[in-house]
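Novice: Chains as they are written, first to last, in numbering that gives the first Met the number 0: chain V, 0 to 323; chain S, 0 to 258; chain R, 0 to 403.
Watch out, some of these pointers could steer you wrong.
Computed list of lysine to aspartate or glutamate pairs in DMTMM-like fashion (alpha-carbon distance at most 20 Å, straight line) [said to hold, decoys possible]:
hint : chain 1 : residue 1 : chain 2 : residue 2
1    : S       : K187      : R       : D218
2    : V       : K322      : S       : E250
3    : R       : K380      : S       : D240
4    : V       : K321      : S       : D240
5    : S       : K227      : V       : D241
6    : V       : K84       : V       : E173
7    : S       : K247      : V       : E28
8    : S       : K49       : R       : E109
9    : R       : K140      : V       : D290
10   : S       : K156      : V       : D290
11   : S       : K196      : R       : E17
12   : V       : K261      : S       : D67
13   : R       : K134      : S       : E235
14   : S       : K55       : S       : D26
15   : R       : K343      : R       : D48
16   : S       : K196      : R       : E64
17   : S       : K49       : S       : E221
18   : R       : K387      : V       : E316
19   : R       : K27       : R       : D48
20   : S       : K83       : S       : D67
21   : S       : K196      : R       : E102
22   : R       : K341      : V       : E173
23   : R       : K134      : V       : D290
24   : S       : K202      : R       : D218
25   : S       : K187      : R       : E109
26   : R       : K380      : V       : D120
To be clear, the hints were calculated from the coordinates, so they are not data collected in a lab.
Note that the structure is predicted; figures quoted are calculated from it, not measured.
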Amino acid sequence: MSGSIWVLAEHWRGQLSESTYELLALGREIADGLGVELQAVLLGHGAADLAKGLGKANSVLSVDHSSLCEPVPEACAAALVQLIKERRPRSVLVPLTNISMGVGTLVSTAVKVPAANFCRDVRVVDGGLQATCVLYGGKIEATVTMGAECSILGIWPGARAAENGRSDVVPPVEPVTVSLPEAPRVRFKRYIEPEAGDVDITQQDTLVAVGRGMQGQANLALAEELAEVLGGAVCGSRPVIDQGWLPLSRQVGKSGVSVKPKLYLAAGISGAPEHVEGMKNAALIIAVNTDPRAPIFNVAHYGILADALEVLPALTEAVRGKKG
Amino acid sequence: MNILVLLRMIPDVVEELEISNDGKTLDREFLRLIPNETDDHALEEALLLKERHGGKVTVVAPDAPELDDVLFACLAKGADRAVKISGVEPVMGGRAAARLMAQVLTTAPGLLPADLILTGVQSTEDLDGLMAPILSHLLQLPYVDNVTQVTADGPGKTVTAVKEFPSAVRAEFDVQLPAVLGIQAAEKPPRYVPVAKVRAVMKSQHLESAAAPAGVEAGQLEILQMAKPEPAEHAEMLAGDPAQVAGKICEILAARGVL
Amino acid sequence: MGTETTLVSEAPCEITLENFLEFPEGRKVLSCIQCGLCAGTCPYGDVMDYPPRRIIAMLRAGMLEKVFHSESLLNCVACYACMAKCPRDIRLTEVLLPLVKEEIFVHLPEVPPELQKALQNTLRYGNPMGESPRKRVAWTKTTDVPIPILGEMSRPVDVLWFVECYTSYHPRGQDNSRALAKIFNGLGIDFAILGNEEKCAGECARLVGEAGLFGTLQDYTMTLFRRYEGRFNRIVTSGAHAYDAFRYQYPALGFDYQVDHTMPFLFQHLEQLKPMLSRKLNYRVTYHDACCLGRHNGFYEEPRALLTAIPGVKLVEMTHNRINSICCGGGGGGMWLDTYYKAKGYERLSERRVKEAVATGADVLAISCPYEVSRFEDAAKVLGYDNKLVVRDISELLAEAMQS
C-alpha cells in the first residue's frame, strides 16, 4: 500500500529475530502517528510460515525465492528495491544487525531516497519523521529529519522493547513475486559453527562482563573470582575477545551473543552500541567504569564511578561475607 | 591480486567531542582524527592476502589532518602505494564519502581495475548510510559485509569471504571478483610497525595525490541538531570506597534475589 | 651514598651493532670470560634461548643474526642484574642488549597485542594507557595543594616536576602524585609541572627495542624543555624510568639539566622533612629496590633513610635486597607483556617478589617506582595476600606521616 510504513522482517535459521519485533513495535508507533498502515516484508525461501508471528503489522508482503534462502544482503536489497519501486512505501525500517546491516544502505542508494543510519529512535513530528541517530560510539546524537519523502531507516537493536512488537493476531499475507538474478554474484556456501565445549553464557543467570578497562588479561582473574562466588561466568566485549583474553564464545554484543541474565555486571566496559545490543535486556545491569560519561551508565540500573580493578575484589569479598 | 584499501580518518573519541555553535556540527577545532578502526583491519586483511597471493595493495584516503603519518605507516606496513585525495572538505556521512571514493577510483589513473576493494564495514560517522554498500552500488560491484576472513584459491575469479553472524556463527560466501568487502576484523589484529621503519619510509617513498572531483554533493539528510546525549535514564550511581560500594551492591543483589 | 656506588659511566650514543667494536664499550665485550653470571642472575635467564652470555658468544662468532629471529629478549625486563654482576663490567643492559633488542623488535613476526597497544597509545597520546592527553592534569583537581603549570606562570621556578604517565593517570599512581604535592608544599619547594604538554619520557620504549618511538618522544620532550629554557633550575621526577632516561639517554641530545629522582631529592631534604613527620605509623615495612634506582644508580640507602625517618616504621629486608633485588617485571616493556608471559607459562616476577615480601612478615611493601604499585597490588591479589600486605609508595607513607 502506498504511503505505509514497512518493516523488514529479519529472520535467521528459521526464526524471526528479536530485532524484527523491536522494529514492529517502533513501526507501529510511527504508522499510528502518521495514520498509515504498517506492513512487514518477509523475504525468504520456504519461510512464509514466519508471517504468522508478524501480527503487529496490518499485513505481510511475503516473497519466496531460492536466492533468499540465506540472508545475502544483495539479494534482500534487490527484492526490496523492486517492491519499493512498485508500491512506494513512506519509510522502510531495516535492522542494523550483522544479518541485515548493509541492506538498508543498498536499497536507499538504488532507489535514490535518503537513509538515516544508526537510529535509536524515530518519531513523527509535524507529519514528518525525525530520527535520533547515535554517532561516534554513542558520544554524540544527531537528530535528523526526513520530511515527507520516502526514506530508509537503519535501526539499532533496542530501539523498542521486543515484547511490544509481538501479537497473537495472524496478519493477512500477500505473496509477491520478484525477479532476482539467476547467477548471483554472491553465493552462500556454508555456516561455520562456533567451537563447542566452552561455557554457554546465554544460559547463565549471572554474568561478570569485562571490557578494555580491565587493562590486561592477568586482571581477568578478579572477574573470574567474582563470577565464581556469584555462581556465574565471565564474558566480555569485543575488544577483550579480540585481544585474545577470552574465547569468542564469551563475546557479548553485535558479533557475539545476546544474553538476558538476572545480573549483568559490566566491569570496565564503556558501552558501545555494539555491546549494549547484546546485554540491554538483562534484568539487572550494574556498571563499573572510571568515565562518568561512559554510555554504559545510560543502560545500567546502577553505576559505580570507579576502577573495576578495585571494585571487583571488594565485591568478591563482600559476597563471600554475605554468604558466610 | 590487486587490492584497494579505502581508509577514512574519523574523530577520535578518546578526546571529548564538542558541538559547534550552530548546534549541528562537530567543533573541529580541537578534534583529533584517527583512522577508522575497521579500515585498519581492512588494510591488515589486504596485506595478508598480498603475502599469500602476491599482488599490490594501494591505500586511498581523503586528505585530513595527521593523514600523512597514517599513510606512511600504511606503506611501512607493506602497502605498495598510498593515494591522498586532496582538496576535500571534511565530510561526514557514508554517502558523500562513497561518492568521493567512487569518483576518484574511476577517474584517478592506475587505481581501477582492482580485484578487491576492502574497507571497514562501517565508521561511526556513517550517518546517512554505510560507505561500502553505497560504493558497491556506484561501481556496480558485488558486496559482502561483516567480513572477518578472505581466502582466494590462487588467481581465480572468486574469493571466499567469511562473514560474521550472531551467536559466534560465521558463514562462507563465494564472491565474484571484482568486489567490495566491508571488513569487520582481519584474521589477526593489525600489525605493529616500528616508528623507525615509518621514518625510513618517509625518506624513501612518497605519497601520491589525486585531486578531489568537484561537486561531490553531501548527503540528503538534514541534520536538525547534534548533542551529547544527556542520559534520560541514567544509572543510579553508588558512591563510596570500594568496600562501601560492594556492600551496597550486595544489598541490591539480595533484594533482587540474585544472592 | 648514592652516586658513589653507581655502576655508571657515559654510554656511547652513536654505537650500533655494526660499529660496535670501534668503541671501547664494544671492545669490552671481547673480554667476556663466558662465566655465565649474567644468565644465572637474570630473572628470566632460565627461559631465554639466548641469555646475555650466549648473545656475547654469538656476537663474537659473527652469528648474531640468529638471535634477531628469536623472541628471547622479550623476556628481558631491563633490570640491570646481568650488568651489575658482570665481573668484566660489560654494560649489557645499557648498551649491548638494547641494540640487540632493537633488531629483535624489528624482526618480531607479531608484537604481543598488549605491548602493541601500549606502544601505539604512547605514540598517539603520549601515555601507554591511551588516555586523553588533555586529561593529563586532571589529577591536580583532586588535591588540596595548588599545582602550578609552568606554561601558565610568568616567573621561573626552581623545580620542574616531571610527573610521568602512571602517576598522572593511574588511580593508584595519582596517590603518589597527591602525596608528593603535599610533601613539596610542606617543604616549601618552588615547583611547577608541564601539565598537558608533558608526554611519556619513553625509556620503556627504548628498552623494549622500539628505538624510533623513544627517539620521537625524546625529540618532543627536549623541544619542550628548550621552550622553557631558563624558566626552571632543575628537574625532579618520581618516574624511576624517566629519571634513568634523562640521566643517560637525553644528554646525547644536549640535555644538561640537573635531574633528581624524588627519592634522592627528598633525602636531600631529610633534615627539613623529619620534624614534619609527626604522625606515628606502626608499620612493619619492607622496601623493594627499584631496578633503575638501585642497581643502575646506586640509590639503595636514600629510600631506606626516608622510611626509617618515619616514626613507628620498622624496616625489614627481603632475602633479595639492594643489588640482589628481584625486578617487579615491569621494565623493558614487561609492563605490557604479562599476558605474553602468562601464555608462555612463566612465573610473573611481581608474584615472586610479593612472596618474598610476605615472608618478611611486613605489612607494607614500600616502593619507589610508579610501575610497581599496580604490579605488586595485582600480584598480592592473585596470591591472596591482599589482606596481609599493602603496597605503598614511599612518598605516600611520608605524606601519611605528615600531620595535615
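Novice: Hinted pair, alpha-carbon criterion (20 Å max): S:K196, R:E102. Please report holds or violated.
Specialist: holds, 12 Å
Novice: For S:K187 and R:E109, compute the direct alpha-carbon distance and say whether it is at most 20 Å.
Specialist: With a Cα-Cα distance of about 10 Å, the restraint between S:K187 and R:E109 holds, given a limit of 20 Å.
Novice: Within a Cα-Cα threshold of 20 Å, do S:K49 and R:E109 meet the stated pairing?
Specialist: Holds - the C-alpha atoms of R:E109 and S:K49 are around 17 Å apart, at most 20 Å.
Novice: Against the 20 Å threshold, does the CA-CA distance of S:K227 and V:D241 hold or violate the hint?
Specialist: The hint is violated at about 29 Å.
Novice: Just to be careful, I want the Cα atoms of S:K196 and R:E64 compared with a cutoff of 20 Å; is the pair within it?
Specialist: holds, 19 Å
Novice: Given the hint that S:K156 pairs with V:D290, test it: the Cα-Cα distance must not exceed 20 Å.
Specialist: Measuring from Cα to Cα gives roughly 49 Å; hence the hint is violated.
Novice: Below or equal to 20 Å on CA atoms is what counts here, so check S:K247 against V:E28.
Specialist: violated, 39 Å
Novice: Holds or violated: are the alpha carbons of V:K322 and S:E250 at most 20 Å from each other?
Specialist: holds, 12 Å
Novice: So if I understand the rule, the pair passes when the alpha-carbon distance is 20 Å or less; does S:K83 with S:D67 pass?
Specialist: Roughly 8 Å between the alpha carbons, so the hint for S:K83 and S:D67 holds.
Novice: Take a quick look at whether R:K380 and V:D120 sit within 20 Å of each other, Cα to Cα.
Specialist: Roughly 44 Å separates the two Cα atoms, so the pair is violated.
Novice: When you check the alpha-carbon spacing of R:K341 and V:E173, does it fall within 20 Å?
Specialist: violated, 60 Å
Novice: What's the verdict on R:K27 and R:D48, does the C-alpha distance respect the 20 Å limit or exceed it?
Specialist: Given pair R:K27, R:D48 is violated - Cα atoms ~23 Å apart, limit 20 Å.
In this structure, the earlier hints numbered 1, 5, 7, 10, 12, 13, 14, 17, 19, 22 and 26 are contradicted, and the remaining ones agree with it.
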